Structure formats: C-alpha cells, structure tokens
Amino acid sequence: MIARRFWHLLAAGLLLLALALPGQAQDLPDYQEWDELADRAEWVIDGERASDAALETLRARLVAWRTEFQQAERVNAPRIESIRAQIDALGPPPPEGETEPTDIAEQRAELNTRLAEAEAPIRRAEAELRRAQGLISEIDALIAERLAGELLSLGPSPLNPANWPGAIGALADWLVDTAFEVDRLATSDLRQAELRENAPVITIYLIIALVLLARGWRWVGRLMMPFIRREETSPGARLVLFFLSLLQCLMPVIGVGAIAAAIIATDFTGIRAQVLVDLITPFAVFVMVAVWLGRQVFPARETAVRPLTLSEGERRQGRWTVIAIGVTIGLGTAIDDISENGGFSDGETLILFFPILVMLGLLLLRIGRLLISHVRQETREGADLSVNAQVIRVLGWAAMALGVIGPSLAAIGYSTAGISFLLPAAMSLALIALVRILQRLVVNLYGTVTGRHEGLDEALTPTLIGFVLALLSLPLFAMIWGVRAAQLLDLWRNLIEGFAIGGVTISPRNFLVFALVFAAGYTATRMLQATLKSSVLPKTRLDAGGRMAILSGTGYVGIFLAAIIAITAAGIDLSSIALVAGALSVGIGFGLQTVVSNFVSGIILLIERPIKEGDWIEVNGMMGYVRDISVRSTRIETFDRSDVIVPNADLISGVVINMTHHNNTGRAIVPVGVAYGTDTRKVEAVLREVAEAHPMVLLNPPPSIFFHGFGADSLDFEIRAILRDVNFLLSVKSDLNHAIAARFTEEGIEIPFAQRDVWLRNPETLRAATNKDGEPDP
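Positions 1 to 778 (the working numbering) are the ones given, in order, by the sequence shown.
A few of these clues could be false.
[To be verified] Label-pair distances were calculated between CB atoms; the ranges are:
{"id": "1", "residue 1": "Leu431", "residue 2": "Phe180", "range": "37 to 45 Å"}
{"id": "2", "residue 1": "Gln107", "residue 2": "Ala144", "range": "49 to 57 Å"}
{"id": "3", "residue 1": "Asn737", "residue 2": "Asn762", "range": "41 to 49 Å"}
{"id": "4", "residue 1": "Ser731", "residue 2": "Tyr522", "range": "41 to 49 Å"}
{"id": "5", "residue 1": "Asn494", "residue 2": "Val644", "range": "46 to 54 Å"}
{"id": "6", "residue 1": "Asp640", "residue 2": "Arg316", "range": "55 to 63 Å"}
{"id": "7", "residue 1": "Glu618", "residue 2": "Arg761", "range": "47 to 55 Å"}
[As the list claims (entries may be wrong)] Straight line, CA to CA, 25 Å or less: simulated DMTMM-like cross-link-like pairs of lysine to aspartate or glutamate:
{"id": "8", "residue 1": "Lys733", "residue 2": "Glu689"}
{"id": "9", "residue 1": "Lys733", "residue 2": "Asp713"}
{"id": "10", "residue 1": "Lys682", "residue 2": "Asp713"}
{"id": "11", "residue 1": "Lys733", "residue 2": "Asp679"}
{"id": "12", "residue 1": "Lys682", "residue 2": "Asp735"}
{"id": "13", "residue 1": "Lys682", "residue 2": "Glu750"}
{"id": "14", "residue 1": "Lys682", "residue 2": "Glu718"}
{"id": "15", "residue 1": "Lys533", "residue 2": "Glu637"}
{"id": "16", "residue 1": "Lys682", "residue 2": "Glu746"}
{"id": "17", "residue 1": "Lys733", "residue 2": "Glu718"}
{"id": "18", "residue 1": "Lys733", "residue 2": "Asp615"}
{"id": "19", "residue 1": "Lys733", "residue 2": "Glu746"}
{"id": "20", "residue 1": "Lys682", "residue 2": "Glu692"}
{"id": "21", "residue 1": "Lys733", "residue 2": "Glu747"}
{"id": "22", "residue 1": "Lys539", "residue 2": "Glu613"}
{"id": "23", "residue 1": "Lys539", "residue 2": "Asp615"}
{"id": "24", "residue 1": "Lys733", "residue 2": "Glu684"}
{"id": "25", "residue 1": "Lys733", "residue 2": "Glu637"}
{"id": "26", "residue 1": "Lys682", "residue 2": "Glu747"}
{"id": "27", "residue 1": "Lys533", "residue 2": "Glu613"}
{"id": "28", "residue 1": "Lys539", "residue 2": "Asp628"}
{"id": "29", "residue 1": "Lys733", "residue 2": "Asp640"}
Derived by calculation from the structure, the hints in this document are not laboratory data.
Fair warning: this is a prediction, and the values are worked out from it, not measured in the lab.
Quick reminder that beta carbons are idealized off the backbone N, C-alpha and C, glycines included.
Can you build the whole structure from these sequences, using the hints too?
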C-alpha cells in the first residue's frame, strides 16, 4: 500500500512531465472513431462498470481527443482571417430594404459562403470539444465520489480481539508456506546444481556486501573529517559534506542490494520468498533515507548548520525518531506486499497494518513536539517570531493532531481514512525537509561559486532559486494528499495554454516573449545611454544639467518603446484592452492624480530645466544642493548631509529660489556695528579695504559699504559684495569677519556690546522689607 503509492506518485510525476510536452497536431480528427469512444465512455459512466484504473485509462484517451479538438479549432485560421478581412473591405452590408451594387453583392455572397465552409470544421471541433470536456468532468466526479466512499467506509475495528485470529492466522500460514517453498527448492537437485554453478557470483556479492556494510560508512567518514573542520566557515566544505553524506548513506544500500542479489542468485526463492527478497532493498532505502534526513535536520555536529534551535539531546531524539519512521514505513510496505501476495482480505490487511499506524502516529506526535520546542526556544530568547518559525509551529501542531487523529480513526474502523491522514503527513514532512535541504544546498553552492562566506542567507539569487524549488514541490505535495496526476496535468495544460482577459490570451509563452523582448530593448536603451554619456554628449557645449536631461529623456523614451514592442511581440492586441485602459484612466484621474501630477512635473523639469543637478536651491524653507531629478521626485542634499525628497509638483507649482541657475556668482551681505563716537568714514574705508582684499570678492562691480543707520547700541554698517562662487558664501563671510576683527583691533575701532543701566525707584522700601517671621529680608 505504502510502497506502491510512493512509486506510483513518482511514475505519475514523470507521466505528467511527459504528457505536458506538445504533441503533433492532426488536421482533421476521425469523428467516426471519436463517436464510438464517446458512446462507450457514456455507457461506462452511466453504468459505473469500470474500475478506477480503467476509468483513468479512458480519461487519458478522452484527454488525447480533447487535445485534437483544440488543435482542430485552429484549422484554416489564416484563411478565415483573410476572408474576414476581404468582407470587411467591402464595407458594412446595406440596411434592410436597401440594395448594393450587383458585383459587390455577388462578391459578398461568395465570400460568406467560403467563410462558412472554412469555419465548418471549427464549429464541429468546438462541439465535440464540449462533449469531451463534459465526459472528462463526469469521470472526475465519479472517481472523486468513489474515493470519498472509501474514506468514509467503516471496516472491522482492530481493537476487537475477535478479528485478530483471522489476520494472525493468515500471516502465519503465509510464512509457513513460504518456508516450505524455500525448503522444497533448497532440497531440489536441480537447484543444488545451480547453486554450485552460481557459487562464484554469490561469493562476490557477499564479499561486496560485507565490505560495504562493515567498512563503507567508516571510509566515507574519514573522507569527511578534513571538511568537518572547515564546515563552520566555508560553504565549499559544507557542499562537499553534503555529497559525502549521500555517499555514506548509499554504501549500506548497495551492500544490502548485494545481499539481495546473492539470495536471488541461489535460485532458492519461489513466488512467496521473492516478495521478501524484493523488499530487502526498498526497506534499506527507506531506512537510509530516514537516516540521511535525520542527520540533515537534526545534525549531531555542533559545527553543522542547525535548521532547528534544539538542544543536543533533542536533536538526538529527532534523529532516532526519523529513523524509526523510516523503519515503520518499511515494515508497512512489507505487510502491504505480503497481504497482496497472500490474497489477504481487506479486513485482515487493515488489522495487520494497525500497529504500524499506531507507531507512525506516536512518531509524528514526537516530531510535532520537537518542532514546537524549536518555536518555544526562539520565543524564550526574546526574539520576534519569524515567518519561518510560525510555519514550523503550524507544522508541529498539525503533526501532533494528525498523529492522534489517524490511529483514532483506524481504531474505530475507518482505517482507510486513518492511513490517508498519517502517510501523507509523514511524506509531506519528509518532502518539506528535502526542499529545505536543497535550498541550503543552493545557498552553499552560491557561496562556493561567488566566494562569499557571510550574508549568504540574505543573498537574492539563492533566495529566488529556493522559491522556485518550493514552487516545483507543490505538485508533489498535491499528489501526496490525493490529487490525481490527470488533474494536475489538466491544470498544467490550462496554465500553458493561458487564459483570456478582455479578449487577450495570457500564457507563460506570452510572458516569456514579453520578458525577452523587453530585456533586449532595455539593454539597448542602456547601451545607447552609455554611448551618449561617454562619447557623444561630452563633445557638445551642453552643460551637465542639459546632458543629464538628454540621458533621462532617452531612457524614458527607450523603455516606453521597449514595452510597446514587447507587448506587440507577445501577441497582445492593445486595441482589445481599450476598455481596461479607459477604466485605468478613470482610476488615474481620481486615485492617482498626485502620482500623475508629479510625473508630468518631472517631465517639465527635465525639458525646461528651471533647476538641474548641482544647483543650490531653496524650496519650502529647505536649502541644499539638487542631487537627483527623477520622474516622481527630486532629491535635495542639505548642508547637514541629510536627503530631502521633494515631489516634483512642489517644484513646479511652488516658489523655488535657485542660487546658481545661470551662473555661480552671488551676493554676500556682512553686517557689522561700531561704537558711537567712531569716525564713520574711517570705518567705511577699513571695511572697503577688507572686502576688496578677499580673493573671492569681485571688483567689478566693486563691493559696496553702506552706513545702515543708528542702532540702539551701535552704528550699523553693511558690506555687500558679489562673489565669484556663491557656494563659498559661508566661508567668505567667516573670512571677512575674521579680517574685520583684526583690522578694527589695529585701528582702535571698538565693536560695542549691549549695556543697560538699571535705576531703582524708592530704594528705601527695600531696606524696610521684612519676611514672614519678622526678620529682615536679606
């Protein structure tokens, strides 16, 4: 039951991939043969006269016919398109009661006749396609109904002691018959002669088995030792250890396979004993796969990557639990094959299988507890529960729940339902572990190729590949939980053929063509921008802002053209999505008006260039340098090195002060005050000398000195000078202040500071003041 289902899943997966390949189309189906098949299918479905396997075979034939009909729908497509274009060229037919010229009417009638003849095969194919699809749906419904009936069927309870003797007796009889069969063959003179003839081959098999079982594990372990020392820091070492771990677990399997081959070579196995011999290698595979998975998920080495945060004792329990699950599934496979060979009844098979279900339920319960322990450990460390931990928590509780529900259902008598819960749960956990192991393998492979040792888990490339691996595992999960391969095949075909939205067919092929053409157009645009930036624009007289505007405009136009060409190459008719475009325009008008306003403002900024990169501007009370102009916003770097993102609409509709729009010259104003009584003409002369002496101050026009007025504490003067580069405004002001202070000291000119005289009225009242206790108030 278990082994057959496992191998059937693999076979179904291979069948799914094989059938997903496109077949060769036929021009016209044989409708007579189809009618016979369809009538027989209706007879089978109405009478429910076929087994599930026969229904699946019938369904596969119907699917093949459905594919032919789908291909027949495209027969004469170019001719039909041509005839319709000719009819459209004739113009619309005249209204009722009116006539058109005779030659046009005759030509229109002839074209309509030819169009009907060309469309006739398509109409027939469409009708039969609907019939085939209906029959397939009926078969799916019938199989689903049968599966539901099996799950809800109540059989004998394995807890009833009255049911035990029959099952135990059937197993004992089969084992006794097997022993007698082997004894009869072993005492046969003919088989003895064959044994002596095959003795050398048997000896070689046994030697190989003895060497691999006794020394193979240790030999590979010695090869692993140098890499274990570098495992913690080297992804390459972890990659080598991964493959060596596979080889280490493969050695015992090959050894056990050699023992099975030696037994077969003795020729002492009959029909019954052959069942046991055939189970030896699969049992070893189940056990060693469990050993490998247990060592990967619950590693013993402290230097190994530990997927789960568990103590050393919990990891040891996890390894033994996984191994026990492998042994349990192997024993279940043996019971299933023995019962099939011995012709046991369903009740006897389910009773013999019940201990396997109980053991598997207990082991799933233990695995669930370990997963919950990992989540509790993360919570105990004070960290926020990650998404991965939340998923593990759900898996832990689900494993514990299924570990209880499965054996309980089997104990009541719903053994099929219990098996359908436990086996998929165990196989799903194994598949999840395998996907996680492969994702870690991709991370180590990426680290080995790129030479990175840190931050591999945050790298984008292995993350994307791991996501693809998770997606590829979804069909396997679906088949494990009972989804038939035929249903997955239909889903795959529908995905490949695509789906229609607003008259536009969307399929993976369309996406692939769109992505390739757009990538080519995008690459060509970037290459053109690089050529303009490095070779063409530096030879022009445009400033840096103009060159940047041309580069940005070229990029926007190139990307837009690449998108249009890619959409056309993918076969998407833009006229067929006019309604969608109209709806989007309404949404843009209401919900996206701010985004569109900023976008249009960005285009205006790039064309008119009221500001450009490198300009010193002031907007909304913020002052800084323009560092980047995009289609939505502009980035300004302030003088304290912080970035301010300003929407482009604010730069177009608001007031913007551009200090360096046309050139870098700008005016500096330096106020200064002197004490009353100072010679104002002397102060004016000194300030003029200081301003003209600075190298950044232009002498044409010369700096101006203004006697600004009489202040409360000083005579106020002001220097106004034009600077060569206004970007040095603050440093020039600082230099001028230093020079003014030095010259005023030399000339004996005083820079006053505010002074106030305080006069008290009635000071005698302060002397007579006392506090509450009657003592003088200090």
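Hint by hint, here is what the structure shows:
For Leu431 paired with Phe180, a C-beta distance near 42 Å keeps the hint of 37 to 45 Å intact. As the Cβ distance of Gln107 to Ala144 is approximately 55 Å, the hint placing it in 49 to 57 Å holds. With their beta carbons about 45 Å apart, Asn737 and Asn762 fall inside the hinted range of 41 to 49 Å. Between Ser731 and Tyr522 the Cβ separation comes to about 45 Å, which falls inside the hinted range of 41 to 49 Å.
Range check, Asn494 to Val644: about 51 Å between beta-carbon atoms, so the 46 to 54 Å window is met. Remark: the range hint 55 to 63 Å for Asp640 to Arg316 is upheld by a beta-carbon distance near 58 Å. Distance hint check for Glu618 and Arg761: the Cβ-Cβ separation is about 50 Å, which falls inside the suggested range of 47 to 55 Å. With a CA separation close to 15 Å, the supplied pair Lys733 and Glu689 stays within the 25 Å bound.
Distance check on the hinted pair: Lys733 and Asp713 sit about 23 Å apart at the alpha-carbon level, within 25 Å; holds. Simply put, Lys682 and Asp713 have alpha-carbon atoms about 19 Å apart, close enough for the 25 Å limit, and the pair holds. For a cut-off of 25 Å, the pair hint linking Lys733 to Asp679 stands: about 24 Å separates their Cα positions. With a CA separation close to 21 Å, the supplied pair Lys682 and Asp735 stays within the 25 Å bound.
The straight-line distance between the Cα atoms of Lys682 and Glu750 is roughly 12 Å, inside the 25 Å bound, and the hint therefore holds. Between the alpha carbons of Lys682 and Glu718 the distance comes to roughly 14 Å, so the proposed pair stays at or under 25 Å and holds. For the hint pairing Lys533 with Glu637, the CA-to-CA distance comes to about 24 Å; that is within 25 Å, so the pair holds. About 13 Å separates the Cα atoms of Lys682 and Glu746, which keeps this hinted pair within 25 Å; it holds.
Proposed proximity of Lys733 and Glu718 is supported: the alpha carbons are some 12 Å apart, at most 25 Å. About 20 Å separates the Cα atoms of Lys733 and Asp615, which keeps this hinted pair within 25 Å; it holds. Under the criterion of a C-alpha separation no larger than 25 Å, the hint pairing Lys733 with Glu746 is consistent with the structure, at around 20 Å. Between Lys682 and Glu692, the direct Cα distance comes to roughly 15 Å. Compliance with the 25 Å bound is thereby established for this hinted pair.
The straight-line distance between the Cα atoms of Lys733 and Glu747 is roughly 21 Å, inside the 25 Å bound, and the hint therefore holds. With a CA separation close to 19 Å, the supplied pair Lys539 and Glu613 stays within the 25 Å bound. Restraint check: the Cα-Cα separation between Lys539 and Asp615 comes to about 22 Å, which is no more than 25 Å; the hinted pair holds. For the suggested pair Lys733 and Glu684, the alpha carbons sit about 17 Å apart, so the restraint of at most 25 Å is met.
At roughly 22 Å between alpha-carbon atoms, Lys733 and Glu637 fall within 25 Å of each other, so this suggested pair holds. A hinted pair counts as satisfied when its Cα atoms are at most 25 Å apart, and Lys682 with Glu747 qualifies at roughly 9 Å. For the given pair, Lys533 sits about 15 Å from Glu613 by alpha-carbon distance, which is consistent with the 25 Å threshold. For the proposed pair Lys539 and Asp628, the alpha carbon gap of about 23 Å is at most 25 Å, so the pair holds.
Simply put, Lys733 and Asp640 have alpha-carbon atoms about 18 Å apart, close enough for the 25 Å limit, and the pair holds.
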